[in-house]
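> Residue numbers (my numbering), protein chains in the order written: chain F, 167 to 268; chain C, 2 to 404; chain L, 325 to 494.
Take these hints with a grain of salt, some might be off.
[To be verified] Distance ranges between label pairs, derived from CB positions: (1) S346(C) to L219(F): 33 to 41 Å; (2) D262(F) to F299(C): 18 to 26 Å; (3) D453(L) to P5(C): 46 to 54 Å; (4) F49(C) to L345(L): 38 to 46 Å; (5) E457(L) to P349(C): 27 to 35 Å; (6) L341(L) to A376(C): 33 to 41 Å; (7) L341(C) to L329(L): 52 to 60 Å; (8) K378(C) to E457(L): 19 to 27 Å; (9) R456(L) to W306(C): 47 to 55 Å.
[Claimed, not checked] Derived contacts from chain L toward chain C, CB cut-off under 10 Å, selection only: (10) I332; (11) I334; (12) L335; (13) T338; (14) R351; (15) V354; (16) F378; (17) F397; (18) M400; (19) E457.
[What the hints assert, rightly or not] If you want a taste of the chain L side facing chain C, the calculated C-beta under 7 Å gives, among others: (20) M326; (21) S327; (22) P328; (23) V381; (24) I388; (25) G389; (26) I396; (27) A441; (28) V445.
Don't read these hints as lab results, they were simulated from the structure. For glycine and all other residues, C-beta sits at the position ideal for the given N, C-alpha and C.
The chain contents come next:
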Amino acid sequence: MIPLSWYLIFAAALFCIGLFGVLSRRNAVAILMGVELMLNAVNINLLAFWRYLSFEQMAGQVFAVIVFAVAASEVAVGLALVISVYRRRQSIVADDINLLKY
Amino acid sequence: MADPVTFIGQWLESILAGWGLSSEWISVIMAALGVVVLAAAVLLVDIFLVWVERKVVARFQDRLGPNRLGPFGLFQPIADVIKLLLKEDITPQGADKFVYNLAPILALATVILLWAVIPIAVTVVGSTINVGALYIVAVGAIGTLGIIMAGWASNNKYALLGAFRMVAQMISYEVPMVIAILIPVILAKSMSLADIVQSQSVWYIVLAPIAAVVFLIGAQAELGRAPFDLSEAESEIVAGFHIEYTGMKFGLFYAGELLHALTFGGLFATFFLGGWRGWGAETYPILGIGYFFIKAMFMYWVIMWIKYSFPRVRIDQMLNFCWKFLTPLILTVLSITAILDKLMSGVPYWVYVLVMLFSNLVILYFVYQAVGRYARKERQKVADPEKVKVNFRVRSSTSSQAS
Amino acid sequence: MMSPLQVIFILVSTITLGAALMVVTTRNMVRAALWLVSTLFGVAILFVLLEAGFFAVAQVIIYIGAIAILMIFAIMLTRRIAHDPGPQIDSTWPIAAVIALGVFSLVVFFIQRWGKAASQVESFPAGFDPLRELGVALVSANQYLIPFEIASILLLAALIGAIIIAWDKK
Chain F
167 MIPLSWYLIF AAALFCIGLF GVLSRRNAVA ILMGVELMLN AVNINLLAFW RYLSFEQMAG
227 QVFAVIVFAV AASEVAVGLA LVISVYRRRQ SIVADDINLL KY
Chain C
2 MADPVTFIGQ WLESILAGWG LSSEWISVIM AALGVVVLAA AVLLVDIFLV WVERKVVARF
62 QDRLGPNRLG PFGLFQPIAD VIKLLLKEDI TPQGADKFVY NLAPILALAT VILLWAVIPI
122 AVTVVGSTIN VGALYIVAVG AIGTLGIIMA GWASNNKYAL LGAFRMVAQM ISYEVPMVIA
182 ILIPVILAKS MSLADIVQSQ SVWYIVLAPI AAVVFLIGAQ AELGRAPFDL SEAESEIVAG
242 FHIEYTGMKF GLFYAGELLH ALTFGGLFAT FFLGGWRGWG AETYPILGIG YFFIKAMFMY
302 WVIMWIKYSF PRVRIDQMLN FCWKFLTPLI LTVLSITAIL DKLMSGVPYW VYVLVMLFSN
362 LVILYFVYQA VGRYARKERQ KVADPEKVKV NFRVRSSTSS QAS
Chain L
325 MMSPLQVIFI LVSTITLGAA LMVVTTRNMV RAALWLVSTL FGVAILFVLL EAGFFAVAQV
385 IIYIGAIAIL MIFAIMLTRR IAHDPGPQID STWPIAAVIA LGVFSLVVFF IQRWGKAASQ
445 VESFPAGFDP LRELGVALVS ANQYLIPFEI ASILLLAALI GAIIIAWDKK
């Protein structure tokens, strides 16, 4: 059968791919996609720990529900910001959004 | 021979066990076989639906419909399929080829996926997952994606407009439809469709008539059929998201649409008309298949009836109707149903049924009053615009969006 | 011979990771969003393997039905950028790759050393319904009622915030 470590390694790989996306992409929407990948990796870990180590306690599942809520609100606000920035600056490249630097 | 499906399944399992396979692999192979058989059966029904749809439309429009090929024109769909297969297959310039070809497959596949959880008879059900009602919503979400893909990959303005309209419509109408599904879930105290059918000793259309009507309206919008066929609106955006598709790729969209209508008929039957339930269906599951398809076909006919009787609504009317009328209404019904269900734990079932029905009728009465008042006000605006203070700025902006 | 579950896991996880790589490297943004959808779908299949059917379905509804479609809309609304001929990847991407690989090898190193990493699933005891347990846990005052309510307030705040930020004041 599938040992716990398979899920953990898969989640780690997914997390690191997401991390790479966040660090290297220029488009703000693409950065949000990377964040989504990372949140998904976290969810896999939470559910794997719940299933393998303590399925009588619902903590893992409850945290996964909260991660869903956080992901949904993060995307809603993030995309609203992206569209608002696009209206003002005609660009959603993260390097161009530099007004707060000064 | 009361239950041929289970019988054949057990026979095949014993053959596979005879070949010395482990039980795990046997269950995997049987599941795969089940998928193939169910999908093939559903697609066979789909071919027949082409004939049904054309014949029924013809009757609604006072025509005869296909009547040349075979008895009652029954072989017409086969000729249609051959025609579609022989047509030229065009990929427009600048289209995203992979996505363009994937979209029609997704459109049909999501419909077939729905059949995985619908209980066709007491023993014939693809999968008895305990979140069946949610699964239906999830598959609908993938269907939305197929339409966006078609609209975007076609590289055509009309296709993109149609896709945007369709997505706005599907996402909006999903809200009241999902809440309408929740009411049978509360009544049956289970999200599994098999349990929902099992617990309908009284059909839920008696206990929750408002939810049934809202589900039907939501289904009509989800299917993109008139009065909600803004996504294809021939007179405005030609054919919407499938404008660039030819031959069998268009055929897949068309087959998906027909099968989707029958599937929603089946879902309506499952949620509100007792699914496979009927006289003798428990002991002779093969009767249950018959009852299920009779109910599903009847609801399919109702969906067609609505489609061919109503004119198309404007996009602002469609969205207003969903967000300002259907959603508040169904939320009210949901909360009242939930509270009554909690209060009436322990009363005899016939009292429960009567109270549920009565509460629905009371809500219906108030809705009727409110809608009547609204309609009078709207009529007055048209008849005597001087007397009514109208916010002209808002009105002009909505009409410019609609044009 | 591997058990069917293992075969399914390896197939699904390979495809999912491949799709995830495409998400972060594809230049066409709409395609990247579609690859994201396949990744999310693969994760949903893994949730099914973990016997968390509710989360698999919720994953499809929330991520594919809402988040991915929102992203596609956002990409289409900012379309000039989607056809941006310039590079979609930052010039500092080798550093990002090194950081990502470093984190990955570190995590794998610790997983290898951890004693419980090889633990196997125990099947649920008879009559144990995780879905029912989760429902009870989310509304019991002595369990997770308050986190659940806070999550709903967070969603409401995000809803209002998104509307205010994206409001076109013209």
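> Taking the hints in turn, state whether each one holds.
Results of checking the hints against the structure:
| no. | hint | in the structure |
| --- | --- | --- |
| 1 | S346(C) to L219(F): 33 to 41 Å | holds (36 Å) |
| 2 | D262(F) to F299(C): 18 to 26 Å | violated (59 Å) |
| 3 | D453(L) to P5(C): 46 to 54 Å | violated (32 Å) |
| 4 | F49(C) to L345(L): 38 to 46 Å | holds (44 Å) |
| 5 | E457(L) to P349(C): 27 to 35 Å | holds (31 Å) |
| 6 | L341(L) to A376(C): 33 to 41 Å | violated (57 Å) |
| 7 | L341(C) to L329(L): 52 to 60 Å | violated (44 Å) |
| 8 | K378(C) to E457(L): 19 to 27 Å | violated (50 Å) |
| 9 | R456(L) to W306(C): 47 to 55 Å | violated (40 Å) |
| 10 | I332 | holds (8 Å) |
| 11 | I334 | violated (14 Å) |
| 12 | L335 | violated (12 Å) |
| 13 | T338 | violated (18 Å) |
| 14 | R351 | violated (13 Å) |
| 15 | V354 | holds (6 Å) |
| 16 | F378 | holds (5 Å) |
| 17 | F397 | holds (8 Å) |
| 18 | M400 | holds (7 Å) |
| 19 | E457 | violated (12 Å) |
| 20 | M326 | violated (10 Å) |
| 21 | S327 | holds (6 Å) |
| 22 | P328 | holds (4 Å) |
| 23 | V381 | holds (4 Å) |
| 24 | I388 | holds (5 Å) |
| 25 | G389 | holds (3 Å) |
| 26 | I396 | holds (6 Å) |
| 27 | A441 | violated (24 Å) |
| 28 | V445 | violated (14 Å) |
Hints 2, 3, 6, 7, 8, 9, 11, 12, 13, 14, 19, 20, 27, 28, counting from the list given before, are not met by this structure.
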